[in-house]
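Each chain is listed here by its residues.
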Amino acid sequence: MSDKLKDLLQNGPIAINIGIFDFAETLKIQGVEVIHLNWSPPAGGDPELIELLDQLL
Amino acid sequence: MITRCIIRKNAYYDSVFLMRVAKRISGQKGILEAAALMGTEKNKELLSDIGMAGPEISSVRPNDLIIAIRAEDEEPLSAVFENIDHWLNESQGQAGTIPCRTLEEALTHLPHSNLAVISVPGQYASREARKALEHGLNVFLFSDNVSVEDELSLKGFAREKGLIVMGPDCGTAIINGIGVGFSNAVRRGPIGVIGSSGTGIQEFTTLVHHFGSGISHAIGTGSRDLSDAIGGITFLSSIEVLDSDRETRVIALLSKPPGPLALQNLIHRIIQCRKPIVTCFLGPKQDPDDANLRYRKARTLDDAASLAVQIATNNPSPRLEDRSFKFQELINRERIHKSPEQKYIRGIFAGGTFCYQAQQILQDAGIMVHSNLPLEGNSKLRSPLLSVEHTLIDMGSDEFTSGRPHPMIDAGLRYERILAEAKDPQVSILLLDFILGLNASPDPAGELLPAIAEARGQTRKQGGSLSVIASVCGTENDPQNIQRQVKALEEAGVVVFSSSAKAARFCGFLVTGCPEESSVR
Amino acid sequence: MNDIKQKIDMANAEAVKRINEADPVLVDIAPAGEVIPGLKDRMVLHSGPPVTWPNMCGAQRGAMIGAVLFENWAGSVDEASRLLENGIIRFEPNHHHQAVGPMAGTISPSMPVWVVENRTFGNRAFCRQVEGRQQFGDYSDSALEGLRQWRDIWALSLRKGLLGMGGLELRPIIAKALTMGDELHNRPVAASSLFANGLVGPMLEAGVEKGHLLSTINYITKHELLFLGLSMAAGKASVDPAAGIEYSAVVIAMARNGTEFGIRVSGLGEEWFTASSPRINGLYFPGYTEKDAGADMGDSAITETAGWGGLVLAGATGILSLVGGTPEEALAYSKEMRQITVTMSSSYRMPVFGFQGAPLGIDMRKVVQTGITPIIDTAIAHRNPGYSIIGAGLVRAPMECFKKALLRFGQKYGVK
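Chains as they are written, first to last, in the working numbering: chain A, 1 to 57; chain B, 1 to 521; chain C, 1 to 416.
These are calculated hints, taken from the structure and not from any lab test. Possibly wrong hints are sitting among the right ones.
[Said to hold, decoys possible] List of simulated lysine-lysine pairs, DSS-like, C-alpha gap at most 25 Å:
{"hint": "1", "chain 1": "B", "residue 1": "161", "chain 2": "A", "residue 2": "6"}
{"hint": "2", "chain 1": "C", "residue 1": "222", "chain 2": "B", "residue 2": "29"}
{"hint": "3", "chain 1": "B", "residue 1": "44", "chain 2": "C", "residue 2": "222"}
[What the hints assert, rightly or not] Chain B side only, calculated, beta carbon under 10 Å to chain C, not exhaustive:
{"hint": "4", "residue": "18"}
{"hint": "5", "residue": "20"}
{"hint": "6", "residue": "21"}
{"hint": "7", "residue": "33"}
{"hint": "8", "residue": "37"}
{"hint": "9", "residue": "49"}
{"hint": "10", "residue": "50"}
{"hint": "11", "residue": "51"}
{"hint": "12", "residue": "52"}
{"hint": "13", "residue": "55"}
{"hint": "14", "residue": "108"}
{"hint": "15", "residue": "111"}
Keep in mind that this is a model prediction, so the values were computed, not measured. The beta carbon of each residue, even a glycine, is placed where N, CA and C say it ideally should be.
Please construct the entire structure, taking both the sequences and the accompanying hints into account.
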């Protein structure tokens, strides 16, 4: 088992939130260090480009 | 129209700065044109090109500031000139920051991160989750609509890296006392729980709290983890980490019945586990347990919570006190004023597990229901929008939530459905769940009370009486405060139970007749 | 990590390594026709990707006419237009000739250009003089007079001083200017001043005739945008060795002709990937508004390609107003740019970032992935021929260029 999983349980989450903004806020009010990503669909959601990116990046 | 200028000797300003000052002045009411520039020859030409010239302008030098304004009349012009320092000194713009757009950038700010909480639309969720795993982050994956293939590949990859993927479709976790996603403020304690559904975990953890014990960690796995396709990868990693966790003394596993292969894996792991294990696999009644069983089986979430607390605290089975009234009285009270045609239960659920568990409880009581997500042995609704006979609906399922907020966040969907059910004169009982906690609606009861009142009124108009039976999942420490929620519901005539299982069982009694009082807890 | 990703990452690392190692030195100021390969008689180079006369924007047409008149190939505006329209005067992009030019970017044979040599790799790049009139499309005689003085007095005087001193290293000037509030695109004030400091002595020493000397000193000490021509040439000389690296996704050119915005990518040869030139979010000189503005134009985005300009707005305290006014906003732009670049410059550092390097090497994959396109500082030309500069602002490279490049990349390297 990795230290990362143990670390998560022992020390609690230090989180990066990708998606629903409230999930970051509710972590923050519990005193968790969290960064909310300003996420948008990759390649503007174009499936062909996303598939390319998956292979290239 | 009126044009005038101000000259400031030896007052150097950056030209772009002055352009912005001019732009702001131009935006004032009554100002037709504004120019702010240094007195270079080129700038003086520019001014004369727009008809702003004169002896005072031609005599300025390159280090002098010119502010020239054309206005509709005197008032706006002098308003600006009387306060010229304000325009030159005012801080420009708002202090804005562009937030992180990529995981890599976020990690430069928070290099010790250990968890990615992902709730992007399903088609993008896998790649974000994979990226997080590549960067050594555990993943809480709230997104649904992730394919089984992707789930398997993500969990396999996570296992290789010694990480965990909670989800997809994972609503709840409590890690070291911190609630992630939809979670309740429960006491910390010796009971670790691993569950395939968010509401299942919420109900279990709040019941443990009400029984006086507490939770070490609660780990969500996603609804398919114990299918044969996935093989329980997250369950197994979670058991392993809870087995070595100092705080955890008992481990509870909550899920629908595992696939046969997944169950084999699970039992293999349970045998090695040093800690007692309680399972609750909701579903149809199964064969009696064999004698060699290494874990304790519970039939409902209530039983699982009670059993776990009993083992963890070495106390006899804890009991939750419900209202002080007598059951029979309550049943009698609910049964008067019914019209002869009122026969059916309509369960309108926000929590999928509550819908499922209620079906199990009613089925055990001999009541078959229709559902959009039927338990084995029950029938599937032809249309999820149309209830027939006894119907229990999971309003949080995809067909309702695509493009609409989940009923735990916004009561809109359930509101409409409650009104629709009340128009059916055969409906006798409305069964509801209210889920409190982080990220849930700030006032779940309050949002539905008008619909409940209107539904009851509608039934009275039809010559009957509508029983509204509900459970509230939450604690006194949740932001919504459970006491206030319960009180509001009871004042509106709702019969409120402390668990969803009890509420469902009570509905069964209302339909089938008088129960043995001792069998109700 | 799969094979192709690894290849791309290695190729990108090689590309930014070459840019980092660049050592641009100003070695000459010479008539374009004598030094720029392939610039023939009766030919004018222009900014941006290739364009035809009918598609050419107003400002660039005006500048072309100005260049033809400047060369005395025509005696009137009408005649100049006719020669251009009929293909008698040919025109090709600067980028096809190791050259770059600001705004309309017009370079004609007798126009002296900055000659910058990258001493590490031995390649040369060229850029014309930066001024505020003809390059914006103003072909009036007074606009052309500025070009004549450059040709007949200033360039000659500077050349004499420069050759006497044996060339001028640009890297130290650029590095210092970045710590002095410049971003070397819209604001090269500090660099211009440092450059002037460096040339006055050598011009004196080389015995430049007093009248010319005074005129030239007056020109270089008052011309705040003087160094832009040098930062562009230095940028081009620095980035060119990073071109043509198989598998590299690093952008090695961004250029606009007022009609189209085009990019080139290291691993994709000489092909341009284009989209319509964007509108500029800008501030205007008195008497002009966005209704008068032409679309984005010029090769000056070579500065962003090299890792300066919009990429280092955080450090450019001098033009905070351009980005909205607060240091936080400027900082945010540079932070954002770090999300689409391969690395940080080892040569050019930003004090506001605790002296971390400037973002370097735009990776077109990251642009498409994140939706963040490079931010470019720019000046604004009029939509019609015959005007000087009318404003300045910020513009984003259009996403479409990067999407097209990514698709071609997939085709070329056999990714389904």
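Could you work out which of the previously given hints the structure breaks and list their numbers from low to high?
Result: hints 2, 13 and 15 break, sorted rising.
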